[in-house]
Each structure stands twice: as C-alpha cells, then as structure tokens.
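Enquirer: As a plain string of letters, each chain reads:
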Amino acid sequence: MRFCAYCEGVKLTESEETIIGTSVPRKEGRDKVTGAARYVDDIRLPGMLYGATVRSKIARGKIKRISFSPEIDWNEYVIATAKDVPGKNCIALILDDQPCLVDGVINHPEEPVVLIAHPDKHALAKAVEGVVIESDPLPAIYSMEGSEKQSEIIWGTDNIFKSFLIEKGDVDRVWAEADFIVEGEYFTGAQEHLYIENNGMIAVFDSVAGVTVWGSLQCPFYVHKALMALCGLPEEKIRVVQLETGGAFGGKEEYPSMIAGHASILAMKSGRPVKIVYDRLEDMVATTKRHPSRTRHRTALRKDGKILGGEIDFTIDGGAYATLSSVVLSRGTIHAGGPYLWPSVRIRSKAVATNTPPHGAFRGFGAPQSLFAMERHMDRIAKIVGLSPVEIRRRNFLQPGQTTTTEQVIREPINLSDLLDKSLAHASYKAKKENFARENKTSSIKKGMGIAAFLHGAGFTGSGERYLDSVVGMEGTADGSVRILVSSTEFGQGTNTVLCQIAAEALGIPYESVTIAQADTTIVPNSGPTVASRTAMIVGNLVRSAAIGLKQTLQLDGTLKKTFKPAEFGAACRKYVAEKGLLRSLARYNSPEGVYWDDVTYKGEAYAAYAWAVYVAEVSVDLTTYAAKVENFVALQEIGKVLHPVLAEGQIIGGIAQAIGLALYEKVLWQNGRMLNGQMTNYIMPASCDLPPIRVVFEEIGNPHGAYGAKGIGELPMDGPAPAILNAIVDALGVPFDSIPLLPEDILEAITRRVQSRQQITSPQESPC
Amino acid sequence: MRANPTEYELVAPGTLQEALALHASEPGSWLPIAGGTDLMVLYAAGRLQSRKLISIAALRELRNIEVASAEVRVGAGCTYTDLRQHPVITKEFPLLARAAAWTGGIANQNRGTLGGNIANASPAGDSLPVLLAYDADLILVSASGERRIPYRTFHTGYKKTLLAPDELIHSICMPRNLSGYKCYARKVGARNAQAISKVFLAAMVRISNATIKDIRLAAGSVGPVPIRLAGTERALAGQPINDSLLELAGKVMAEEIQPIDDIRSTAGYRTVVLRNLLGEFLQSLPGARFAS
Numbered sequence: 001m002r003f004c005a006y007c008e009g010v011k012l013t014e015s016e017e018t019i020i021g022t023s024v025p026r027k028e029g030r031d032k033v034t035g036a037a038r039y040v041d042d043i044r045l046p047g048m049l050y051g052a053t054v055r056s057k058i059a060r061g062k063i064k065r066i067s068f069s070p071e072i073d074w075n076e077y078v079i080a081t082a083k084d085v086p087g088k089n090c091i092a093l094i095l096d097d098q099p100c101l102v103d104g105v106i107n108h109p110e111e112p113v114v115l116i117a118h119p120d121k122h123a124l125a126k127a128v129e130g131v132v133i134e135s136d137p138l139p140a141i142y143s144m145e146g147s148e149k150q151s152e153i154i155w156g157t158d159n160i161f162k163s164f165l166i167e168k169g170d171v172d173r174v175w176a177e178a179d180f181i182v183e184g185e186y187f188t189g190a191q192e193h194l195y196i197e198n199n200g201m202i203a204v205f206d207s208v209a210g211v212t213v214w215g216s217l218q219c220p221f222y223v224h225k226a227l228m229a230l231c232g233l234p235e236e237k238i239r240v241v242q243l244e245t246g247g248a249f250g251g252k253e254e255y256p257s258m259i260a261g262h263a264s265i266l267a268m269k270s271g272r273p274v275k276i277v278y279d280r281l282e283d284m285v286a287t288t289k290r291h292p293s294r295t296r297h298r299t300a301l302r303k304d305g306k307i308l309g310g311e312i313d314f315t316i317d318g319g320a321y322a323t324l325s326s327v328v329l330s331r332g333t334i335h336a337g338g339p340y341l342w343p344s345v346r347i348r349s350k351a352v353a354t355n356t357p358p359h360g361a362f363r364g365f366g367a368p369q370s371l372f373a374m375e376r377h378m379d380r381i382a383k384i385v386g387l388s389p390v391e392i393r394r395r396n397f398l399q400p401g402q403t404t405t406t407e408q409v410i411r412e413p414i415n416l417s418d419l420l421d422k423s424l425a426h427a428s429y430k431a432k433k434e435n436f437a438r439e440n441k442t443s444s445i446k447k448g449m450g451i452a453a454f455l456h457g458a459g460f461t462g463s464g465e466r467y468l469d470s471v472v473g474m475e476g477t478a479d480g481s482v483r484i485l486v487s488s489t490e491f492g493q494g495t496n497t498v499l500c501q502i503a504a505e506a507l508g509i510p511y512e513s514v515t516i517a518q519a520d521t522t523i524v525p526n527s528g529p530t531v532a533s534r535t536a537m538i539v540g541n542l543v544r545s546a547a548i549g550l551k552q553t554l555q556l557d558g559t560l561k562k563t564f565k566p567a568e569f570g571a572a573c574r575k576y577v578a579e580k581g582l583l584r585s586l587a588r589y590n591s592p593e594g595v596y597w598d599d600v601t602y603k604g605e606a607y608a609a610y611a612w613a614v615y616v617a618e619v620s621v622d623l624t625t626y627a628a629k630v631e632n633f634v635a636l637q638e639i640g641k642v643l644h645p646v647l648a649e650g651q652i653i654g655g656i657a658q659a660i661g662l663a664l665y666e667k668v669l670w671q672n673g674r675m676l677n678g679q680m681t682n683y684i685m686p687a688s689c690d691l692p693p694i695r696v697v698f699e700e701i702g703n704p705h706g707a708y709g710a711k712g713i714g715e716l717p718m719d720g721p722a723p724a725i726l727n728a729i730v731d732a733l734g735v736p737f738d739s740i741p742l743l744p745e746d747i748l749e750a751i752t753r754r755v756q757s758r759q760q761i762t763s764p765q766e767s768p769c
Numbered sequence: 001m002r003a004n005p006t007e008y009e010l011v012a013p014g015t016l017q018e019a020l021a022l023h024a025s026e027p028g029s030w031l032p033i034a035g036g037t038d039l040m041v042l043y044a045a046g047r048l049q050s051r052k053l054i055s056i057a058a059l060r061e062l063r064n065i066e067v068a069s070a071e072v073r074v075g076a077g078c079t080y081t082d083l084r085q086h087p088v089i090t091k092e093f094p095l096l097a098r099a100a101a102w103t104g105g106i107a108n109q110n111r112g113t114l115g116g117n118i119a120n121a122s123p124a125g126d127s128l129p130v131l132l133a134y135d136a137d138l139i140l141v142s143a144s145g146e147r148r149i150p151y152r153t154f155h156t157g158y159k160k161t162l163l164a165p166d167e168l169i170h171s172i173c174m175p176r177n178l179s180g181y182k183c184y185a186r187k188v189g190a191r192n193a194q195a196i197s198k199v200f201l202a203a204m205v206r207i208s209n210a211t212i213k214d215i216r217l218a219a220g221s222v223g224p225v226p227i228r229l230a231g232t233e234r235a236l237a238g239q240p241i242n243d244s245l246l247e248l249a250g251k252v253m254a255e256e257i258q259p260i261d262d263i264r265s266t267a268g269y270r271t272v273v274l275r276n277l278l279g280e281f282l283q284s285l286p287g288a289r290f291a292s
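If you're matching them up, the sequences are chains E and X in order.
Under this note's numbering, the letters of the first sequence match residues 1 to 769, in that order.
Under this note's numbering, the letters of the second sequence match residues 1 to 292, in that order.
Because the hints were derived from the structure by calculation, they are not lab data.
We put the beta carbon where it would ideally sit given N, CA and C, even for glycine.
Please note that a few of the clues may not be correct.
[Said to hold, decoys possible] DSS-like cross-link-like pairs, simulated, lysine-lysine; straight-line CA separation at most 25 Å:
# : chain 1 : residue 1 : chain 2 : residue 2
1 : E       : Lys383    : E       : Lys422
2 : E       : Lys83     : E       : Lys149
3 : X       : Lys52     : E       : Lys126
4 : E       : Lys641    : E       : Lys422
5 : E       : Lys83     : E       : Lys303
6 : E       : Lys121    : X       : Lys52
[Said to hold, decoys possible] Computed far set for chain E versus chain X, every beta-carbon distance over 12 Å:
#  : residue
7  : Ser151
8  : Arg298
9  : Ala425
10 : Lys432
11 : Lys433
12 : Glu434
Excised from the complex, chain X in its bound form:
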C-alpha cells in the first residue's frame, strides 16, 4: 500500500440528489468512485491523484435494470454480477453478459460496475465494444438535469470523454428487438481469465440471401478508445460473404484502427488477430463461402 489514507477524503451521500449537489458545488474536484476496481489499484500503487472521492457505490437509484418495450435501461451502478444474472440481459444481450463474465474475477465482478467501466474509459474495457455494437445510448445526469447521448460519441480521446465535470453516468440504454441478428464477441487476453484484453471484437450482423444487410463491428484495445469500425461496416454492407470480402475487410480495418506496441502486446499482433476474429465471425455465418 503506497498511498497514505489520511491524505484522502471520502464522502458517501445517501441519495443521488445529494451526490449531484456535492458534485455541482465544486465541479471536477470530486472523483466518483463506485466499485473501486480500477481506482483502488491506482490508490494501492500510490498513483491516485484525486484526493477527494465521492462514493456512489450505495446509490440505489443507479442500480436498476428497467425493461421497457423498446429498450433496456441498465443503471450505471449495476455490477457485472448483476448483468450476468439478469434474465433479459442474458437472453437478449448475451454479449454483455459474456463481457461481464470475462471481466476480472468473481470479486471484481461483484464490485465493478458498468458505469465505472465506461467512465474509466480504458480502450481495453471489456464491456465497451459490446455497448458500441448494441448501439447503446447513455443518460448523463447532473444537478441541473439530464441528457441523452449516443454512446459511440462518448469517448473523445485516450481517457477523454463527454462527461461534464458535474455529471454522473446515470444509465445505459440498449434498443431491444435484435432477433434477426447473429452476434459474436471474443476477448483475447494473456490468459483465459483475470486478464486485460489485447484485442476485443464484438460483432452483430443481419443476413439475407447470403448477403450482409446490416453489420455492426466494435473493437477494443486497438486504439486510444474503443471504436465502432464504421469503415469496415460500410465495406461489408450489401456484400456476399466470401474470401475476397474477408481480404477487403482486413484491409479497410487495418486503415481505421490505431493499435500500439505496449506492455501487453504489439501493434502487429493486434492487427492480425483482430482480422482473424472478424474472419472467424464471418466464416461462422450461414451462407458463407470460403476456400478453406
């Protein structure tokens, strides 16, 4: 433990309203902490810069999962365990349930929250590509009101987001009625559990007559932010699924990602494996015609 606890201040408001009021009184000076699975690692290493922490871990208002007819709203304070256990999430949004199961270990999943994963804004966050593929919206809330934004606009640069200094993430909305889609997600980490991803691909596709009608591709750990592979999606839309399409997709994809060499892997590995994951997904689709 390299931090000195006496140098830190932690408040735990009883209601969301109180938390937002405190946040509004000194915008940007209070760091929200939910499960703490990211922040406590920094703290233990003596690298947690923010000295004022506002705990939102016990706020019941943030921990609902509301199932409406058109969408499911997941409270930002829902834990990975909550997601893994919710019947509608596991049935209709299986990629999110799987990503939750791939995050850390059981103890992390019991404490870590979906909102925390988004706010922490790591390009390697396991649930983030999945939320991109599900076309999620975020509801951001402050003392002065709330706003709804498409999640794909949220990350603006490495660890930079649209969250205003007085805002909290309130909930994550995912449109329902995805019955026509085939979906895929694979995390490639340095080991089979308790690993940070080296590459992550989440994908959804609707096919008719062996042709791609709609495809959504989202990747993690291949750039400063988790991204929708919009160029690749455009290149694939309307096409029959075969070898030449795969080659084309690989080329376009390599153009729109910005992988780096770091402590966990290499840019070259990330590029090739992301292409392989896409290939694995496309090859699994009905009507796919591949040479090998």
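Extracted from the complex, chain E is given alone in its bound form:
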C-alpha cells in the first residue's frame, strides 16, 4: 500500500515522465512511521555492557589522583582510563589535539576522564558519582576577550586555533574618499542542536575481525579514521555502520568519533559488546554546539550608498580543542561579505581557545554567524546613509561578471534585485510597513518588517572537494533492482530518497527499483562526509555518473539495447549477474575545469555553486511582556533545481524554525565553562505555536555542477532568519539590537536604557516650563 499523499508522484515514475522534481515517498519513511526503524538504543546484543563517562567537572587543571568510592563493588565494573587506550590517545580529525580520555591535563569541564561499564545500565549513575577526580585547578578562560588577552595560554602559543586573511583591492585608500564610515559590532551565541535522538554507539571487539561500531552518526569514515588511530588497528579491522539516525544538524559530524572511541576502548578491555547512549542532559552539556561569534564591521560608503570598501573582523570561540573550528572559521570568513560587491575589503578572522567543551559543526557552519553581522550592518548603514533597507541592498548586490571577496567571478545569471522584489511582493512589504508605521503610534504591540539577503556556498570550501576525492558505487542486482553504495547518510534530511531519485532518473527505471545500501564502511566506498550541503549536489552528481556507467556496462556488453523499457533494464541486470557475476560501477569526483583556488591567499573559486536568498520577517513586540514574535515569514531562494519539492520545502521550514530559535529563544547559560541549562525545560527552543506561517518560494536557474541542476539547500535557511528578525525588531522599536539570542529581558533592558538616557538629555530643557 502506498501513502496517498504522494501517490501521484509514484504514478509518474511508472510512466516515462521525470522522477526529478516530484515528491516521491521517503525511502525509509514507512519504517519510521510504523516504528520498524531501529535506532541504536533499540539494539541489544547478547552479553552487552552499558558504558558511562566520568567527566572532569573543572574547566582547567592537573589531575592529582583518581579514587573510587569504597561503597561500590568495583569488581562488577569494567573501568578504563587513558592508559587503556590501545593506540594513540586522540580523536583524529584535522589536528590530533583532543584526547579521547584525559591524561593528566584537563582543558574543559566536560572532558572524559574515566569510562565505566556494567551489565545493568541502572548501576551506572551512582558509579559515575563514585569516581572522585582530585585535581589542582589552573586559571581558566571563559570568553573570546579573555582568550585574546592571552593572560593565560591555554592552547598552542597564542590561544589561536586558526586565522585567515582575505584581501581584495586596497582598502586603506577608501577611508579618505568615503562620504560615510559606518562601524558596528555584532554577537551571536552558542546553540544546541537538539536532534530528537541523543548520541549513542555500540562497539564490539573480536580479536580476528577487529572493532565494529554501530551508531547514530553523519560521517562513517570520520569515525573509521578516528578508530584506526585510537585502537591502533589497520583499516580493514575497523568497521563502522550507521544505524537509523534521528536528526543530526552537524551535531553528529565529529562527536560520534569520541563516543565510538569510548565504546571501543571498553569493548576491547572487556571483550564484550558495549553500548553508550547519552541522556539528554549529558548530550546537551558535553557534546558540541554552534560557535559563539563576534564580528566587527567598518565600512566606507559613497553618498549614494555604494560600498567603497571595508574591514571585517570575525572571531569565533572554538572551545578547548581545535576540532573543526578552522573549517567553520573558513566558511564564516568567506561568507562575511554577504551577497554584495566589495571593490575592496580586508577580512581578518580567527578561532580562539576557551576552556569550554569544543564548539563544532552546526547547520550553516560559521555562515549564520558572519551573515548575521553583515545583514544587521546593512540596516545600520541604510539608516546612516539615509536609504531604505531595500535600496541599500539593491545598490550593492553582486551581479554576474562581478567578483566576491575571494575574487570569484559570478558566472551564473543571478539577479538579486529581482529576487528582492519578488520576496517583498510575497510579503506585502511596502503596505505592511506603512500600516505598521501608522498603527505603532497607538498600539502597545509594535510591529516591524525586516529583510536579509544572503548566499550559501554548497560543497566543501575551496579545494576541499578535490582533497575528499569522493567515490560512489552502484550495483545491478540479481533481482533486477539497483543498489546505491555511498557513505552519505540519511538523518532525516532525505539523502536516501533524493539519491534514489537521481539514480532512477538517470537509468530510466522506476524509483521503487532503486535501493540504497546501509552506510557500512565494509560495503560502501567513501563518498565523503554528509555535511556542507554537498550531498544532493556533489554526491548526487556522482550517483548520476555511476548510474550512467552501469547502463553503459550493460549496453557495451550487449545485454541492454540503446533504448529500453524499465522492465528490460531489470531483465538485463538479472541476466548479467547470472552470467557474469558482479555488476558494479564506480564514479569518482572530478573537479570542474578551470576552477582555481589558493589555500594560502584565500583567493579564487571558494565554492562550485552558491544558493541565493532574500528572506522577509514580520515581527511583533508586545510591550507588556517585551516578547518578540515572528508573525509571518517569506523565504524566497534560488537553489538551482528542486529535486523533491516536499523535502526541499521541509528543509527550508525546518531551518527557519531552528534559526528563529537562534534569534529569539535559545540561550546557553554558561558558568565556568559549563552549560547550566542542559534541559529542554530551561533551554528554550521554539515550539509549533511560536512559529509563524512560513511561505517558501523557489527560484530555479540551475547549476551545471550539480545533479540535474541542484545546488546545496540544507544549510541555507539557517543563515537569513536571525538578521531578518532582528532588523524587523529594530524597525518596530527604533532601538538597535546587535546580539542574539535576543530575549524579552534584553529588549526590556534596552528600552529602559533608552528611556533613561532620553530623560537625562531632555530634562534640563523641560525645566523652564
């Protein structure tokens, strides 16, 4: 039986019509809806132990002694510390600076120090409390400013994980000729991913086969690489299998390597399967969050509002270890100039160390941070120059033939002014702005409109895709169906569905005749990590190549005619496999011709494609409670080609919801490097009744580098909502806000401050009366 909502799409696939662009049923949708899908916490292996983690608790220090409470019978437990790490005690990623288990020096309050395992999971919590870590505390750093002062060096020689410099033109010359110089400073906070399924892993060790882990993860080969180093085992003795994964948003990009490592150490020590599943509190406080950021802008403008040039200083808080901060910084740095023409610009950026758990990958990956600053700054510029927020953007939009801050030439026929006009029309921007200006005078609920224009580069930055060297496989099977082999994972976003659509389209066979193999490192080639909005565009294109290869193999062999019906393709597969055995095709990434990128000067083609967007937020602020609410939202974007309308719209709406959280609700409360509010009752994410009607509009100009013209889409909707919302609040209240999350308490404080300063100014003049 088929799900009726999508029946039409399914029927289309059975005729000769296109599969791309139709909303076929999700491949794993039925299993998820019926509860048949198996997540890590559903799986129980014979003789399995449950593992738990004892953490450092202090932000920085040296461990003196680890003692075990005499009230607990430790003979029942398997215990592991740094000395039990079979290989190198680090989580191999970019730099190998983060230990898997603390060996002497503590650098943040949630560092794993001791692992314990027990057959009864209920026996763990008390035992975790029964391990006492005595240490000599060292002075710690909790802020970017503290890190920059370098009063303590907590990482490397200068507390800086990575810095970048982008220079275009001669920015030092523009200040003298500027009619206006506009400065601003902008802040964004940490954000928790709040995927539905917490992190979890199961590890099994066998002296012959090696280590196998099953778990909730985004990047099987990241975990594979980390486990090789950690377990001291060769490639073929590590197997990583992704189980059904209940959401990720970047939060299962790097941290799963840590948990897989812990489960593996305990499995190797005990000889039994070990499962570690975090509860919500542990997941929230110990795993990664979005990097907090600070951006400073100084911009030179002509009278007419044209940007002459500017300096942008972008700093992110990386936490205690390098992890992915350098790459997050890179993306944030490249996106810092937004979709505008900068005749000259100097962008300096750095990721600094603090004694908090490392911040990590989160949907948008640095771009939401720097774009928040850019889009708030555009409104500040508009006000100072005396133009509308619409006009200042229109006058500075990048146009085809012009270059980005990295001097990448815009080759596609993008017309941002046109996107802006359409978006404003969908939002009834002009009429609403006029109404609000009138109504706000007498209402205690102030309303405003805000816009944000932005871009998001799809795929790895610069030469990243070339280094990844991704490979995709495809097999024709004995039953006539086709199986895709990729390490690209499904975690709710639609990888399975979209890749199967692409294969079916390329082969001219029904969507139902294509399946996708479980992401198991012993079965699938490395198609790269499932990150950076790269899966549909880049892996999708490789799937298409592999499909064409499969078809050509059958045609060259004579088993399949040049033109064929779907049933004939199935018959050809069956025949080939029966007579010759394995029918397999592989496709490897080829970087597009003429693409130039310089990792040293940060010049060139930063991304193979950009998605473009203009978002409009309508916001109300209730002056009884100072709460801001997003009342309406229009999201218009150009994303190449929409492969699956339902999934694409879902990505946009979900991203906007998450970004509304970033803007108005989600605040991590820190105390000495620890998250205080690691519960969903006091870390507030917006719920359905806090979300506005969201109108999603797609423009499609295609993309020669993406599968059937697709560009990346997953991260894009995270970038624009926060600045659009803050711009709308500023429009409503006339008070500038440059920091997110913006809570009702902050709005009250700003209004109070303004009232007080006005009174100070006006009272002497009023006194004569």
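Using the hints, position chain X against chain E.
Expert: Only chain X this time, still in chain E's reference frame:
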C-alpha cells in the same frame, strides 16, 4: 535515566482509606505520587530523594468534581484535562480552566493533577495564583480526620506548606456566585506553550461607578511562594481607575513581591512585567481613564 529503579519502592493502595493508613503508619516517610509530572522529572535526573512512593493516581475518591450551591469542590486527583473539560469549571471558573490549558503539554495535562500542583508548591505553579484569586479552601485529610483551611495560608515558605506528614490534599473548594466580577489571568513564559512561567498574574475585580469595589490579585513566580497581593489590593480598593492609580499600584506591588534572578528570568523583568500585566488588566476595565 539516572535513577536506579531497584532502589525505589512504590505501593498503590486501592482505596483512600488504605493510602491514609499507610501514610499514618510511618508519617513523612512515604511520598505521595499522583500524575508524576513533577516527580518523574526529578527521578529521571537521579534527584528524587524519597525512595518510598505511595501512588494515589488511581484513587477514585480524589477525582470527583462536586457542584454544590455555594461552592464547587474539586478532588485533588482531578487532572488538568478534567478541569478543562468540566462545564461548571469552564463557565464559572474560566481562569482555572485556562491555567490548566497553559500547564505543560497535552500529555502533562492528562496526568498532572490539581492536588499535585498544590503539593509540589512551586512558586511557578500555573493553577496556584488562580486558586488564590478564587479564595479557595483546601480540605486536608488524614487517617484521623479532615480539616479545612484557607488556601492562602497553605504555603509557608519556599516549598514549605501546612500539609502534615500524614496528610493528603483531599479537595479544593471554590466559592461560587462570582457573577459580578471581571476576571483576568496571563501567564508569561519563555515560549507560548510548554513553558514554566516567568510571571503570572490572576485578577478579579468588582466595579461600580467606575470605582473598584473589590479586587483580588494573585501572582506567581515573583517570590518564594505564589502570593495574594494584599497590599496592592488595599491600595486599589475604593479608587477610581486612572493613571495615578496604576502608578500607585505599581509602587505598592513592588514592595510586596520578592522576585529573584534565576535560570529563567531576572528580578527586574518580573517586577516590570507584573506591573504591566496589572496595567493591562486595569486598562481593560469599563470606566478606566488612562492618558494613553
């Protein structure tokens, strides 16, 4: 789940009498659990100290809503859903029905009970200011008998109450015949549902000739216990409704609340917003004269 279930004991007596007998046999050592919407959160976090639990969730004696001519008696075991669905509650005590609808989500409302909300004694309990405004009484029961006390005397300090170690809350009595009153309640939480209140105001007023005849104000989340704003009520009684009254009320109110900075909000925010809520209520009244 950070608790070890083997360390806990749970008994579920079949009748109220049996529950009270057990309670009386070891006063204070059995913690009553009804819907569990507060206690199970502590349990999951490994912070539920009481190891002996007496379940009163299935006691039918506690789940009646009796409508008498002078008052309505709500059994302590009535759930928020019961309150939302009862015709007399929704008609005559709309603030209680609304507070029930604002508590947690549907699942919480199906399990959580009014008696549990009172016994849990959180200053942020959503139904508590409403019960204060309705001048409710509590009937407390033990193996040795029952007593009736005004609810406004029940909370004696943060998480401290008049409930004796062997007592259960039996029912909540609210006087009827409130037809002359205008009523108001607003919860301010961190989001529009599934939130714990930062500020809560419940208010009732009787007006004649644009003058306040009787006013009842009760607030949540602005001190260690939910409180009746008795000083503010006195300041407002007999007064015409205008700007200067609002200013006066704000001053008196600030004197009698004890808000704090905590994980959810700030003392300053709570003070200002509570005053704004009162202003919103007063401005909505017939005969109110305000400058803006």
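Enquirer: It remains to establish, for every hint, whether it holds in the given structure.
Expert: Consistency of the hints with the structure:
For the proposed pair Lys383/E and Lys422/E, the alpha carbon gap of about 23 Å is at most 25 Å, so the pair holds. Annotation: proposed proximity of Lys83/E to Lys149/E is violated, straight-line Cα distance about 35 Å (limit 25 Å). With a C-alpha separation of about 18 Å, the suggested pair Lys52/X and Lys126/E falls inside the 25 Å cut-off, and the hint holds. Restraint check: the Cα-Cα separation between Lys641/E and Lys422/E comes to about 18 Å, which is no more than 25 Å; the hinted pair holds.
At most 25 Å may separate the alpha-carbon atoms for a hinted pair to count; Lys83/E and Lys303/E exceed this at roughly 66 Å. Annotation: proposed proximity of Lys121/E to Lys52/X holds, straight-line Cα distance about 22 Å (limit 25 Å). At roughly 28 Å from the closest C-beta of chain X, the C-beta of Ser151/E stays outside 12 Å, upholding its exclusion from the interface. Against the 12 Å criterion, Arg298/E stays outside the reach of chain X, whose nearest CB is about 33 Å from its own CB.
Remark: the non-interface label on Ala425/E is consistent with the geometry, its nearest Cβ contact in chain X lying 29 Å away (cut-off 12 Å). For Lys432/E, the condition that its CB be more than 12 Å from all CB atoms of chain X holds, with the nearest at approximately 22 Å. For Lys433/E, the condition that its CB be more than 12 Å from all CB atoms of chain X holds, with the nearest at approximately 23 Å. No Cβ of chain X approaches the Cβ of Glu434/E within 12 Å, the least distance being about 22 Å, so the stated non-interface status holds.
The earlier numbered hints that this structure contradicts are 2, 5.
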